[in-house]
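Here is how the chains run, residue by residue.
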Amino acid sequence: MSRAADAIVAWLDERIDLSALKHFVAEKGVPVHAQEVWYYLGGLTLFLLAVQLFTGILLLLYYRPSAAEAYESVQFIVTQVQFGWLIRNIHSWSANLLIAAAVAHFFSVFFLKSYRKPRELTWISGVLLLFLMFGFGFSGYLLPWNELSFFATKVGTGIAGTVPLGGKFLLRLLRGGDDVTGATLSRFFGLHVAVFPALTTALVAVHLLLVQRQGMSVPLRVERALKPGGRVRQMPFFPNYILRDVLAWYVALAILAALAAFYPWELGTKADPFAAVPPGIRPEWYFLAMFHTLKLLPSHVFGVEGEHIGVIAFGIAALFVVAVPFLDRRSNAGRESPTFTVLAILGLVYLVTFTVIGHYAR
Amino acid sequence: MSSVTSVVERLAITALLLLLPGHVVAADAPATANRCATCHATLADSRLAKPATLFSQQDVHRESGFRCVDCHGGDAAATGKVRAHDSARGFKGVPAGQAQIATCARCHSDAKLMRRFSPRQRVDQAAEYVTSVHGKRLASGDTRVATCANCHGAHGIRLVKDAKSPVFPTNVAGTCATCHASATHMNGYTLDNGKPLPTTQLADYQRSVHAAALTKGHDLSAPTCNDCHGNHGAAPPGVGAVVNVCGTCHAVFAQKFDTSVHRQIFDKSCVECHGNHAIAKPSDDMLGTGANAICGTCHSGPDDKGAAAADGMRAAIERLKAGIEGSGSLVARVRNAGMETSAQEIALGTARSQLTLARTEMHASDAARLTPIVDDGLKIVAEVDRAGERAVSELRYRRRGLALSLGAILLVVVALGLKIRQVDRRT
Amino acid sequence: MSDVTRFAPSGSGSPAPSDFDRRTFLDALLAVGFVSTAAAIVYPVSRFLVPPPSGEAATASAVAGKAAALKPNSGLLFPFGGKPAIVVRTAEGDLRAFSAVCTHLDCTVQFKADTSQLWCACHNGTYDLGGNVVSGPPPRGLEQLVVNVRGEPGEEDVVVSRG
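Residue numbers (our numbering), protein chains in the order written: chain A, 1 to 362; chain B, 1001 to 1427; chain C, 2001 to 2163.
Treat the hints with caution; some may be incorrect.
Derived pair list, reagent style BS3-like, types lysine-lysine, alpha-carbon separation capped at 30 Å [unchecked claim]:
no.: 1; chain 1: A; residue 1: Lys270; chain 2: B; residue 2: Lys1216
no.: 2; chain 1: C; residue 1: Lys2083; chain 2: B; residue 2: Lys1321
no.: 3; chain 1: B; residue 1: Lys1081; chain 2: B; residue 2: Lys1136
no.: 4; chain 1: B; residue 1: Lys1195; chain 2: B; residue 2: Lys1216
no.: 5; chain 1: A; residue 1: Lys270; chain 2: B; residue 2: Lys1321
no.: 6; chain 1: B; residue 1: Lys1268; chain 2: B; residue 2: Lys1216
no.: 7; chain 1: A; residue 1: Lys154; chain 2: A; residue 2: Lys168
no.: 8; chain 1: B; residue 1: Lys1136; chain 2: B; residue 2: Lys1195
no.: 9; chain 1: A; residue 1: Lys28; chain 2: A; residue 2: Lys227
no.: 10; chain 1: C; residue 1: Lys2112; chain 2: B; residue 2: Lys1379
no.: 11; chain 1: A; residue 1: Lys28; chain 2: A; residue 2: Lys117
no.: 12; chain 1: B; residue 1: Lys1195; chain 2: C; residue 2: Lys2083
no.: 13; chain 1: C; residue 1: Lys2083; chain 2: B; residue 2: Lys1281
no.: 14; chain 1: B; residue 1: Lys1305; chain 2: B; residue 2: Lys1136
no.: 15; chain 1: C; residue 1: Lys2083; chain 2: A; residue 2: Lys270
no.: 16; chain 1: B; residue 1: Lys1136; chain 2: B; residue 2: Lys1161
no.: 17; chain 1: A; residue 1: Lys295; chain 2: A; residue 2: Lys168
no.: 18; chain 1: B; residue 1: Lys1268; chain 2: B; residue 2: Lys1281
no.: 19; chain 1: B; residue 1: Lys1195; chain 2: B; residue 2: Lys1164
no.: 20; chain 1: B; residue 1: Lys1256; chain 2: C; residue 2: Lys2071
no.: 21; chain 1: B; residue 1: Lys1321; chain 2: C; residue 2: Lys2112
no.: 22; chain 1: B; residue 1: Lys1256; chain 2: C; residue 2: Lys2066
no.: 23; chain 1: C; residue 1: Lys2083; chain 2: B; residue 2: Lys1216
no.: 24; chain 1: B; residue 1: Lys1256; chain 2: B; residue 2: Lys1281
no.: 25; chain 1: B; residue 1: Lys1050; chain 2: B; residue 2: Lys1164
no.: 26; chain 1: C; residue 1: Lys2066; chain 2: C; residue 2: Lys2083
no.: 27; chain 1: B; residue 1: Lys1281; chain 2: B; residue 2: Lys1379
no.: 28; chain 1: C; residue 1: Lys2112; chain 2: C; residue 2: Lys2071
A short list of chain A residues far from chain C (calculated; beta carbon distances all over 12 Å) [said to hold, decoys possible]:
no.: 29; residue: Gly161
no.: 30; residue: Leu171
no.: 31; residue: Arg213
no.: 32; residue: Val246
Because the hints were derived from the structure by calculation, they are not lab data. C-beta atoms are modelled at their ideal positions from N, C-alpha and C, and glycine is treated no differently.
Start from the sequences and build out the full structure, keeping to the hints where you can.
Okay, here's the thing in structure tokens:
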């Protein structure tokens, strides 16, 4: 078997020079230290993204993006198509795990200050990818056209309508009209299967290329602990590290399979645009913190509408997150940066508490 | 040729008009001759002014060309009150009592005349009225009873199908209640048994399933007062007639009840169990000898065959109900897990039809006739349950398949772990 | 595999025979694991790709049956979106379809050939072949569906859809 593989490599090498690739594969190493466990999160996110891409393409074979047929086509996939239930369940569960993995990846990189020079562009592409994942979640949630997703989308796009200056325009742009209708579904479908995947592909390419070019970042503390002229111990990427990566993917696969089998994702009832809003409408868990914050804001603060303040604050926070590598001067200079560690902790605590409160709030 | 025909036609019409009663000629005469409204509309006394204004607004008679004098007599062309109200010119004033019936009947009982305006309209209202309680009392000299105008209005009369008419289905109950819900108006009237006539009918009716269907359900075919009592011949349905009256709509129940032993025993047939004006939505609780059951009022004790039969029928219906509910939740569970269940849902619909049929058949008070219907329903339920169980085992099969793949995944995980140790040891 | 040995410390010589056996066993185990997990993915996916017999989601239309099998002055019940529906061939040969759910208490209506009407056994409700209530307790008429005939001559299917 390995002889056949060698023959193929030789055959290819004769035709396209593989020496550069061979060199890269042979040279690529991963730093070994106490925080190395966080390195797995990036690969895990990538794996789950691949699962989404694969199951998403499969679902496209039967899904129909129209208000009259969306719900029925998902019902058809789940009940009539062989293993349709499995593909759909995996797509739904993997979406949630993907967001969780991406958020965890984000915070690990934040805490380790891996964004510092020269990896600013890696960070920016990563943050944009994180936002894209939220976009995927938001647009994909509506596609089954069930009651919950319909009203959650109504509320979610309604928040976009409170953006100061042009909120009304943004709302109409998102919904494809004044209200959530079949037109919204068409839009969200287009975003979910064409626009976002294209952007994601480009950004993932940039992100991965940068990671390969620059290698893995070594945490500041590990770097500072080194003796002058010393080097961090390296582990070969092939096969030592890749085997670990694959192991992590398999664990994720096992979790996915178990979730899909034992907690089937419910289809709910078909959306009825003229029905009263059912009680307990709330967005997906990853929007809960934002949703609950807006709910808690007083209607007016110093004469400005509370929701405006909330939306502006989220916008500023997003810009801040993108700009972190440029703001954190101490990290860039190779010094400890406790301010940003505290900021990250505050951010994490805020997200966790508001998500939990939002989940239990009536 | 054509001019000759038209002349002949005109002559014929003129001759016909001359033969008809005077008011019809008046109806075809120019409207400028009607001077009654000129004075009446300006009078300070609203009792005298209001009829003129009402009549000049929407009124089916004015729209058909009739004028004040057609009912009231007098001279419409006269400019002075004395001449206009001259009894020598046929002035009658306000027709009341029998005179009012006669005034309306002059046209409304004339089939030939009514055909010209409303060919499908009945012309037996006056004849029916004579047979009604209202008509009989009027004949015996009671002037407090309703005559035509009490229900239809006198001026500003609208067609019955006009939603603003006081006798439009949704307004009938209120119209009857103007007298029948008034204790003062009903004072002195008694039932056949000598008790005072109750005035609670409207309140009772408004609580009924019929009123709900009519007012909340907007189902104009739902019954109101006149659908059971008749309108022009209004009277309570007599003993023995109730089942026929209810049976005009509830035909199947009447038919089943007709074959029941109760047909001979229940004087008031349907009313015995369902009541009259305050008919509530029937429930299964009414059957049997339990807490809210009606059968228990007559049937009780361990030796009572009727009690046993009633309890048996109730138990059968409850069995089917419970079966349908159980299958329903099984099907819902399976559907939520992503299985195709439309065939089972249709089957459950059929089982529910059987339940409805059983509830109907129960009115024959024969447990032996109820059993096969319930059994058919239970058979369907059992089939749905079997299909549900098959689906549940399919779910188990899915989980086994996943457990198998999980096994393979875990095998790889373990092997990879060992391999990593091995590779690490070598580097 | 040369890259692996490159990272191997220069001191390590060729592995002992028992170590070698363990390595081949582990590789075999891994191969079995990879192949079986690949099978566990490929099998459901390939089954997923095979279109189910009904072809597409029955959202707005359903095949009631063969047109030729429906004789004049007869009716045929069929499932339509999880509820019963009925297609009728009139004595004149027209095809008409209605929801077969009685508007009174949701019983299933049937075709009565002697009167050429739709009839509900539960409370004797009757509808004409326009779906209108003729007699009995139903408060509304039956929802009329659109009928089309599709297919090879002699083998046409009656396709019913929501208007």
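Hints violated by the structure (numbers, ascending)
3, 4, 12, 14, 19, 20, 22, 32
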